[in-house]
Structure formats: structure tokens, C-alpha cells
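**Student:** Could you slot chains B, C and D onto chain A? The hints should help.
Residue numbers (the numbering used here), protein chains in the order written: chain A, 1 to 505; chain B, 1 to 326; chain C, 1 to 339; chain D, 1 to 392.
Far from chain B, by Cβ distances over 10 Å, these chain C residues were calculated:
(1) Ala-11
(2) Ile-37
(3) Lys-167
(4) Leu-172
(5) Ala-173
(6) Lys-175
(7) Pro-178
(8) Gly-190
(9) Ile-194
(10) Val-293
Example chain D residues on the side facing chain C (calculated, C-beta under 10 Å, incomplete):
(11) Ala-122
(12) Asn-148
(13) Leu-153
Rather than coming from a laboratory, the hints here were simulated on the basis of the structure.
Here a beta-carbon is modelled for each residue, glycine too, at the ideal position from N, C-alpha and C.
This is what each chain is made of:
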Amino acid sequence: MAEDLILELKGITKIFPGVKALNNVHFQLRRGEVHALMGENGAGKSTFIKVITGVHAAEEGHMFLEGSEVHFKGPKDAQEAGIAAVYQHPTSYPTLSVTENIFMGHEDIKSGMIQWRSMNAMAQKLLDSLDADFKPTDEVGTLTIAQQQMVEIAKALSTNAKIIILDEPTAALTANESEKLYEIVERLRDEGKSIIFISHRFEDMYRLATRVTVFRDSQYIGTYDVNGISNADLIKAMVGREITDMYPKEDIKPGDEIFRIEGMTRAGYFKDVSFDVKAGEIIGLTGLVGAGRTETIESVCGITKPDSGKIFLEGKEITIKEPLDAMKAGIILLPEDRQKQGLILSWGLGRNVTLPIQEELAKNGFNDEKKERNLAKERLEEVDTKAVTIFQPASSLSGGNQQKVVVAKALAQSNMKVVIMDEPTKGIDVGAKKEIYEIMGQLAKKGYGIIMISSEMPEIIGMADRIFVMCNGRVSGCLQRSEVTQERILELSMEKGDAKKGGAA
Amino acid sequence: MKKKSIGQFLSGSREASLVIVLAVLLIVVGIINPSFLSFTNIRQIFLNNTLTFLMALGMLCVMLTAGIDISITSTLAFAGMSIGLMQKYNILHNTFLLFIIGALIGVVCGFLNGLIIAKGNVAPIICTMGFMYIWRGMAYVISNNNWASGMDVAGFSDFGKDGAPGPYIILIVAYVLFFVIMKWTRFGRRIYAVGSNLEAAKVSGINVDSTLISVYTIMGLLAGLAGVLSVSIYASAQPNMQYGKEMDVIAACVIGGVSMSGGRGSVTGTFLGALIIGIISKALPMVNIPNFWQNLIKGVIILAVVILNVVTQRTMERQNLLRREM
Amino acid sequence: MAGRSGREISAVPESGIKEKLVSWEGALVLILVGVNILGVVISPNYNLNNVLREMPRYLAEIFMMFGMGYILVLGDIDISVGALVCLAGTVTVLSSNAGAPFIVAVVICLLVGLLGGMLNGFIATHFTELPTMIVTLGTQIIFRGIAEVLFETWGNGGGTASMTDTKGLMLLAKKVGPFPISFFCVIIVGIIMITVLAKTTFGRKLYAIGSNKTAAYYAGIKVERIRFICYSLLGLLAGLCALFLLTATFGSNTTTGQGFEMEVIAMCVFGGIATTGGKGNLIGGFIAAFIIVCLRIALGQRNINTQVILVIIGLMLIISVLVPSVSSALAAKRKKAGT
Amino acid sequence: MKKKVLSVLLAATMVASVLAGCGSAAQTAAPAAEPAAAEESAPAEDTAAADTAAADTAAADTADAAADTAAADTAAPAASGGGTYALVTKSAGNPFMERMASGFQEAVEASGGTVVIQNPEAATPDAQISVVQSLISQGVSSIAVDGNDANALTAVLTEAKDAGIKILTLDSDVAPDTRTVYCNQAGVSQIGQTLMEAVYDLTGGEGDWAILSATSQATNQNAWIDAMKSLMESDSKYAKLNLVEVAYGDDEPQKSTDQTQALLQNYPDLKVICAPTTVGIAAAAKVLQDQKSSVKLTGLGLPSEMAEYIGDDDAHSCPYMYLWNPIDLGRLAGYTSIALVDGSITGAAGDTFTAGELGSYTIEEIDGSTQIILGPPFKFDPSNIDEWKSVY
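This is chain A alone, in the form it adopts within the complex:
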């Protein structure tokens, strides 16, 4: 092949304790192309990126940069070789300034002194090119996630790298910001840079990429020309089967209203939010990151204090001052960040499952270990957790199975009436995802009220009976299952006059 390959990886295998994160995968990147890397969460894309950037060392395989084999001992080697990455989760320094974040590791130094003035100027130039609405001297910790993502992009741009890797850069960006990013990426490509672009959004891929490589379950599936593959084929390559059976949503006739909030307001986060759930109904709550979805739910569940608002359960108003009140009332939250909020990773699965209900099982304040073990076993098996024993630490499970433990933990609470799932399928593999949907469907069938917060359009459309869309702290609309389309949701998610405001969130 006379291809001008700038980067080639062959037979890469990466093993983490107990898990093969990458299994004999290949990848080729041509000079000056935008190459999309696709696959479901957990397919191994992020690990693959970390191998390229030298964060992880692969157990097997070879990596060629401009034709010659390279062995990166650490991130520094990769940086020096001209590879820059923008990670999915911003790897920023929250207490440091934007400029510093951008230039960390490759500061402008003259006679041993960092040249802040010129660096600030350079940073300003980069931010201007991204149309950013913050200053180089701002502390990164005070920025929104979208803004932090911009800082990361600016950081990658600042290294003058030959290869730039973008790991889901548009996930937290508004349409406007995304368009800006597309332009930047195109400009970079025209300047001769090679770009690896990871995204879940098909529109990203069609807009930018010429070729796409698909990973599934840690394995290499294939590389295709974007113009030469149909959408359905691509999805099949990614998921491994037809997507039609992905959302097992049965048509359940909703019962009476089980849960309702009215006029929930918390200054600076959300304002005058109202919605309701009926028994057996799945409610979708969506909107852009930062629209106030999670914040609203957290106030409902007593995690944070709202300024005002009423909560009704089965028609009666209840007061919730702290998480325990919500749990006692039967409102169960599966939090967004399962590793930080949902689980105690260093604990065994069993203890995690019984943590909220240990007091119910206890005798005179003493833990009834046997009862706990049995209950935990039962619940964990109920959701089909892939685990050997209930004593293994939660950290030893994959993301999908961790989420199942969180579900088991919720199911263990016998008085459950309303289940609130915040991004229940974030970062978990296809199989587990489907199982979560199945559980969700079965819960609805049993007559629980379910609120699902999600940014993933397909699952919201696939699972929800009604969809409430939030925008900038307010509910901007409610869509029935029959009338919902991606376009409608997006329209409601965007602030009116978004374009005029230049994407300021």
C-alpha cells in the first residue's frame, strides 16, 4: 500500500487485572485525515487512546509512527512525538488558570523563567479562535464543563501536535459550540494535521470523518469509508446485533399519578420546575449538560436544599429535608456518578447493597450479617450481576456490573415507589445496557413510577412514555411518546436566541 500512514498500530492487547481491555486491535491513520473511532462505551476506545498517548503500556502489539516503531514509556514521550489528546473527562487542574492548564508541560520558558505575558497572549489567541467566553486568567475550577472542554481543546492545539486525538469533545457542547469545533477541526486538517475523533454522535462523524474504525467488546471490527457504509450497517458493527430489540419498552397503561413536583426552585441552578409521574410510567428528563436536570433531582431527593417547591407523593404533600426522608418515603435515587455517589468501591458488593437498609435488618442496632448476606445475594442475582461472591470489592467489577449493583441496592429497599435513575447507562457496555432497560421495563410493569435522566437521545426516545426537556434551569417542554423526535428534543434543549448569545450557557 502506498498510503501515507502517520500512525499505525498492530495487534495491540492491553490487560487490566481480570479484564482484557483491548484484544488484538489494529488502527491506521493517514496524514491529514479525520478518522472517526466508534464503538459503544466500554468497547475499549478510551484505553486505546491511552495506549497511543503512552499513559498505558500495551502488553502486546506494535506501534509505528511515520513508519518507524516507537515505544512510549510515558505520556511525555507521546507528547514529544507530537501526539496530543483531549480526554473525555477533562483532566484539568481546577485550581490553576486557563493559561496554565493549556501550557502545562510545554510552558514558554526563557532563561528558566515562565513567560506569563506571552503565554497569556497565546492562550487568548487560542481561546479567541475557539470563540470562548472566558479569560486566560480565569481559574479552571470555576468554569463549566463545556468551558473546561474548550480549555482541553486549546491545550491540544497549543502543542502544535501532528496527531490530535479528540475523545468525545462534543458531548458537552451546544450545537453552536459543536459547529465551531467542526470548523476548527477542519482547519487543522487542512493544515496537515491528522485527527482521531471519538464520538457517539453520528452527525459528528458524517460531518468530519473520511474513514471510521469500529471497536466492539475490546475487539477490532473493521475500518470503513464513511461514504461507503450505511447507518444501519455501522450500528450493527458497533452493537453486534440489530438495534430494534434494544429498548424493550412495553406499552403499559399508566395508572394514577404517583409523584409530582411543583415549582421547584434553587437559585442559580433551576427555577420553577414541575413534572409528574404516574404509576407504571417512565418519564424521561433530558436537556444539555448544565441544564439543571441532576440538580433538580438532587433537590427532590434531599441531597441539596431547594429554595422553594412542593413535592407530592400519591397525592399527599411530603417534606424532604435530607436523603433519608426521600428514601423513607419510597423515592429511590440511582445517582449519576456511581463510582463516587452510588457505591463504596472498596467495599464488598453485599455491604453496598444493604447499606441503606442495614438498620431495617438489624436487631437492636446490631448488624444481622446473615440476613444481610442472604438479601444481598438474592438482589444481586435478581439483576444478574456478573460476580463470584458478594464479598468481592465493587471496584473489581466492570462499569455495567457496578451499575447493576446500584440497581440491586435500590431494589433492596422494599418500600420503593418512585425510582429516579440519573444517566443509568452512562459508560456501560451494550449487553448490560440492555439488561438495565429490561429491568426498567419490568419495574414499570410492576407499577413503580420511573424517572430517567439521560443525555442519550436514543434511550430517551426508546424508553420514555413522556419526555420533559430542560433548558437553562427551566422545563422548556413536555413531549408525548407519540410526538417525540430527536429534532424536537434538540429544539427544546437549545436556548432561544442561542445563536445570538454566542453559545453562552
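**Tutor:** This is chains B, C and D only, laid out in the frame that chain A set:
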């Protein structure tokens, strides 16, 4: 650009609010006892707190990496006692060499801390607590129940005599040096990076272990130097010197806005924090506060300053949220 | 929604005895035995009677070790307790000398400890942004400061006061056979504190908070209330420590309790409780406390320089925290060599 | 599993190393004590002549010197028994205590006794209690204590007494009923008188003066300060003297320095500072001398610490100061211990014995308690400081 309100300015800049606290302190004390604001007195504030000022710089570095070092005054005593005894037994009388030796002892002590904390993955407070016992004990052991007294350190103590420029020069050099290092060098910024986000630091290729080791080594170096200075300023070396004063140093840093969770803090803030601590200990006996009340008032002021900071931060955040349009 | 795969998850705990012996607590027991053998070897006077007779002053500290264990499991720290012992002791002595009956003085002693702990707890739970180290550093200075003021205001001048009516204290200092009363009290308090931490829902909550505060809060645990309770409890135990210290000193002065906080933390850490929270148990701390006490007594009887003893304790502390990381590093190395 | 085995192995080796470490420490500690003692006693012997000279001048004032010579012969042969004699100092790392201990050791070893010297880890009564407890376990014959607190040691000393151990105190006393006799360096009122006189002399009879003390709970400091205060009230001679403040430097150089500077700034008319503490006086002397202040200093200080600052001219801050000979105080305690143990004295007032080369002493009843007074404080001035600065 909108003009910032005074409140925003204050909460935005820790240094600014410290300057105000400082000004209030000075005005109150100055009114009660005008002689407090005399040149001699101000000069003595720096001289008497040279050790706190100096060690606070090291503590700043350590705390920036989300660590802590409570062994510093033990290191100080060990280094100070060592060079004191060298003079007592007429082994060495060269001031410059004594400084070098004291600093070296500190470097070794600090290096051990850093090594165990970085490579052994030991919580900083525990590791340094162990060495707190060890170096203090060693200071006693080598002293063999003797002090180095004014007579023993006669020539050497001229360096730190009241009125001699030595300690001030060391302080000025140290602060200028650290100000430059922490703001304008790659090494200084790496310390911030490690404390701000350890994982990110690893990803961006910063050698975290060596940064940690050097930070504790610097702390040791400064503690060693402080030991030498202590012998010089007080013209004596005792094994129990500066016992418990590590808490003053930590308090100075915290008041100065250095975050114990790492990544936040500045040389200027540290300077102001140490100055507040220095002024409190100097001012209390001078404003006719009875002896027995001094500790109580010192504690209340320290706690009040840190709580005040939390309260203003909260108010500002709340106001920012309320200002956000929906 | 029965598991379609029918996968079975084991719920049988790994059988105990071997694991229990091959643990840090097991090692501590061995060390304790070793230290006692050492004592007998190096000192002809190292016997049960003498050890028990020398023990009461140290026993007082062990009360606080239990409370500190709770605080450390929470992932917090409290360095004010030494000063709190001083304050509680001082108030007790002064109130007794002012005519309060012994029983009232005892109540006052415990109450002062409790109030001091509650103050710590109040600040720590209402200003969660502040590291507890700083909070308790502040209260440390304040507690001792109040004691100094009390000495000046109600004492007979000078920073020291002794109890004039020692009848009650003498009663508390009595022995049952060779065992001092405080020994039984330590055992009883110890059993309660160990059991509560290991076996009750309350104890489980402490581990949850120490392991992951956020997840604990999301799971409905009243994090701040529990932290407040633990600080108050530690304060109460500091009061108890002050009381039993009085049975040895019959008075209080401005240096009472100096350095206790560090010694107590050292006991906990040596016993396997991590300062980062969520790890270790009080049985370890309990054994470790006796190791340190026995070692001190043994070396003391051999008239070894008191400062050398401190050096040894410092070394033990560092070695004990290095053991886990060194052993795992070695294990990793061996694994690598093996494959 | 392997990890656990490994950790146990490590723990076991740790025990072994601790055992080995302690074993060797113990082994080396015992023989090391002897050569150290030998070395100590050699220079001490050299200075013995000087000491006795000082003791003679010091003892010249004591009225009972003559009466004691008679008893000297009878007491001397009795003081040759075995037994273990313990001394508990205030704390480790204090040269005054070190000198006292060397005197004690010299006296006891000369009589064939075994010496145990214990320096508590900190200058607190708590630390002393542990040490005394350990000595009870060891079954020593006598314990001489330099009390860190007047009352805190009551219980433990009573316990020691019950165990048949003779208890005496030196330097700083404890509650009188818990010990047999107190080897007092000088009577409280005597020290108060001497210091008052010095203040009177240095101020010229009128004006402001201040006291810089050690810690607020130091027994002897407080007793001396009280003695000075009551003297000022009772004697009209001192009516024009104005004691402006008693400051506490906590025996820390830094705090003492702060306090001295504060005194100078708060009281511009201050004429004299009296510091009856060895740390405080040295810190204050340095402050005054560095600042070339006109304020004069006196008090109690170690000659070796103060040699730099003693002088009549304006370049020196301390014209003269007082102290007793700590070596002699140790010796006296040593001889007293032996006499108590061999039964030649019971500790009752009027008992007389010979304290080796120090001469003969009588137990006196002072302020309702039994004491042995070493002698009046010794005055150090420019004429004799060079001679003494290398002694202690």
C-alpha cells in the same frame, strides 16, 4: 467588562482580604499602644518570627501537594543542636560552614520524609509524626543533657543579633527566591499541578514521586536552616527548642490561604499569614492583655480568621448564583 | 426478573481462623507477646504486679484512643484532645476545691469534655470546608487558653492546682487485686467501643463515611450528625481520660495532657487504622496501645533514656505503615518474576 | 493470601529487630554508664577544690557549721552501704539538671552505691510519674525528685513511700508530707531577700522593675516571686520600687524574647528586669545587650549560659546574678539519700549528718517542713565569672 464590586474583589483575592485583616489588626493594636508601630518593633516582629516565616515557605510547598509536615521543629532541633554542639566542643566555628551543615542535615531529614511518603505511599501526617518523635529524640540523645550556650556560640550568634542584617537578608532572599520559583519556573508550577490534580499530573508526564520528594526535601532544608538561625538568633541550642511550633507554621499557611487539600496557595499569602501570626504573638503582650489570656485570644483569632474566610466565600458564591439569569 | 443466566453468587464468608491469625491484628498479638518476653528478659522487675501498677497513667490515654479511632475511621482528625484533657481536669479540680462534692466534680469533668467535643463537632460539621486538622488546631489553643484563664481567675495563682479533697479520687485509684479500677474501665469501654464499631449499624456508617462520604450521604446516612456524635464522644472520653489522670496526679496544670493527641493517634495508626479513613479496627488499636505501654514500661525499667524510647516508637510507627506498601510491592515483584 | 503471609513475616522481622535493637541498647546502656561516669567524675574531681572553696565561702554564713563538725565522724563510716539511689530530674536536655545529676552520682558512687538517673521525656509531672512508677518497680532504695509540680506527684510518691523507698526532694519541692526531707538550694525567703536587694541596688532604690519568670506552674519560681512581693509590702525600704508586671517566658527562648521586648516597649521607664530562671535570664540578657538598652538585668542564671552578658559596663546587660552550685546540690541530695537509707538520719528536724566534703548539715524545720539548706545563693559578677563559666 463589568466592574467588580468590592465584595467580589475581596473574595476573589485571598491576599486582599488578608491585607484588610492585617490593617485592622495594626490599627487596633496601634491605637492601644502606639509604640507597636515603631520601626524597632516592626523589625523585631520579623526577627522573632524568622523561623516561622522561613518554614512557612516550605510548608506552603508541602501543603500545595496536599501534604503536611509536622516533623519540622524536630528537624529544626536536631540540626540546631548538631551545629550548636559542634561549636561547644570546638569542632567548627565557621558561620558559613555551620549553615551549610545545618542545611544538609535538614535536607537529609526532609529527603527521608519525601522518600517514604512518595515511594512507600504513606500518609504524610503519619510519616512525619514518626520522624517528629525520631528527630526530637535524636536531638536529646546527641545533646547528652547539655546546651550550647551564649558563650559557646559567641561569634556565630552575631549573625542573628538584634540589629544584625543576617536574618532579614535570609528572609528577603528566601521570599524573593520562592516568589520567583513558585510563579515563574516549571518546577514551581509542577508543585501546584501535583496538588491540583494528581491523576492529571501523571497523565501529562509530570514525575509525581520526584516532585513530592523534592518538596519534602525543600521543607527539610528550610527547617535545617531555621535550626541554624534559631541557634544564632537566641544564642543557644537546646534539644527542646521550638517544641510545638510546627502548628504555628501550619496555622500561618492556612490563614494565608493555602489549602490543605492542595493546589491552592501563594507565597504572598503565606507571607501575610505568617505576618498575622507574628503580629498576634508580638502584639498580645503589648496591648496589656494579661498573660493568661494570650493563648485563648490567639486561638480565637486563628479560628475566627479561617471561619470568616469560609463565610465570605459562601456569601459570595450564593450571590453569584442569585445573579445568574434563568 | 430472575437472573436469566441463573448465575449463582456465593454468599459464604471465607472461613476465619487462618485469615484472622494471618492479619495485622494477628501480627500485633505476636508483637505484644514479643514485647512482654522482651520485658521479662531485660528487666528482673517486669512482672504482672509491676506492670499493672505502672499502667494507670497510660490507661487514661487509652480511653481516648477509642474515640480517636472513631474519628480516624471517619477520615477526620482531632488534635485538640490533649488540651481538652487539660481543660476538663482543670475545671474539675477548681470546682472540687470550690466545694463541689466529688460526684458533682466527676459529672463536671465529663461534661466539660463532652462540651469541648461538641464544640469541635459543631465547627467541623457547620464549616465542612475547613479541614478538621485546622479546626482542632484552633480549639487546641483555645482549650488550653481557657484552662490558663481559669487558673488565673480561680486558682491560687500560677498555672497549677491540686485537689484538696482527694477522698473520691482515692476511691477511683483503688485496686481489685493487682488490677486498678481504671483497668476494668478501659476493658469495659473498650469492649463497648470495639463492638459498636465492628458490629452495629452505627459502626458500619462510620466506615461508610470514611470510605466514601458522598456515597454514604446519598445512601441516606446522616453524615454530619454522625460526625458530630463522634466528636462529642471523643470529647466525653477525653473527660474520662482527665478523670482517671487525676487519680494519678491529683491535680492539673497547664502542661497536663501535652502531646496526648499525637500519642493516641500513633496508637491507632500502629493498630492499623488509616488516617485516610474507612480502614482498620479498634481491636488493632487496643492491642497496639498495650504494645506501646508495655514497651515503655519494659524499657523504662531498664532505665533506657526516655528520649530513646520515643525514637523507638517513632521507628515502629513508620515501619508499621510501611509494611503494607512494601509487602504489596514485593508481592507485585514476585508476581512479575513468576510470570 | 500471600500478601498476608508476607505482612506477618515482615511484622515478625520487625519484632525481631525491635527485640534485637532493644537488647543491644540495653546491653550497651549498662557498660556505657560506667565509662561515662568515670569520665564525668574526673573533671569533677578537678573542680572539686574550687567547689569546696565556693562551698566554704557559701557556708561561711550558715550558723550551724561549727556544730556539724562534731557529728561528721560518726556519719562518715556509715555511708558505705550498697543499695540503689535514684534521682529524678525535671527533664532531659537541661544542663542544670545534668550538673546536679553528676554531683549526685559522684556522691553516691563514692560511697559504693548504685546510681539511677532518670530524665523524664518532658518537663511535666505526668512524665515524672511514669518515671517514679518505674523506679518503684525496680525496688530502688531511695528516690530524690526535682518536682515539676507541687502536688501532682503526691499519689505516686506516697506509693513509693509505702513500698519502703526513702523519698527526698531537691531544687524544687513537692507537698511536704509526701517526702522526708527537702534539699533546698537556699531558703525561699533568703532567695527573695537576695533578689530584692539586687533589684534595690540596681534601680538605685526607686523606679519600675519587672519579673520574667518561667512557666506559671513552676513551684519554686512562684515561691520566690511571692517572697519578693511580700517583702516589698512589709519592708518600707522598698516602698519606692514599683513592680510593673510578672511576665512568663515558659522557659522558651523565643517566648522569653518576645516577653522581654514587650516589657521594654510597654514600660519605657523600666529600670530593672529580674529573671529567676536560667532560660529566661539568658534570653533577656541577649535582648538587652543586643538592643544596648539601659535596663539592667539580674536574677538566677547559669554562669556558662550567662558569661557573655555579665559585666559592669554598658556593653553588658547583667552586672551580677545569683545561683547555687548545682553540683553541690546534687551531692547534698546524694549524701542525704545515703544517710536516709542507712538510717543515720530519720528526716526529723535536728538530725545532723556529714555530707562528705560539703561538711556537716542539719535538718531544719522551715515554714512547717523539714529542709536542708545548701547555703545562700552565690553571687556571680565580673570578678569571678570567668572562673565559673566552664564549671557549670
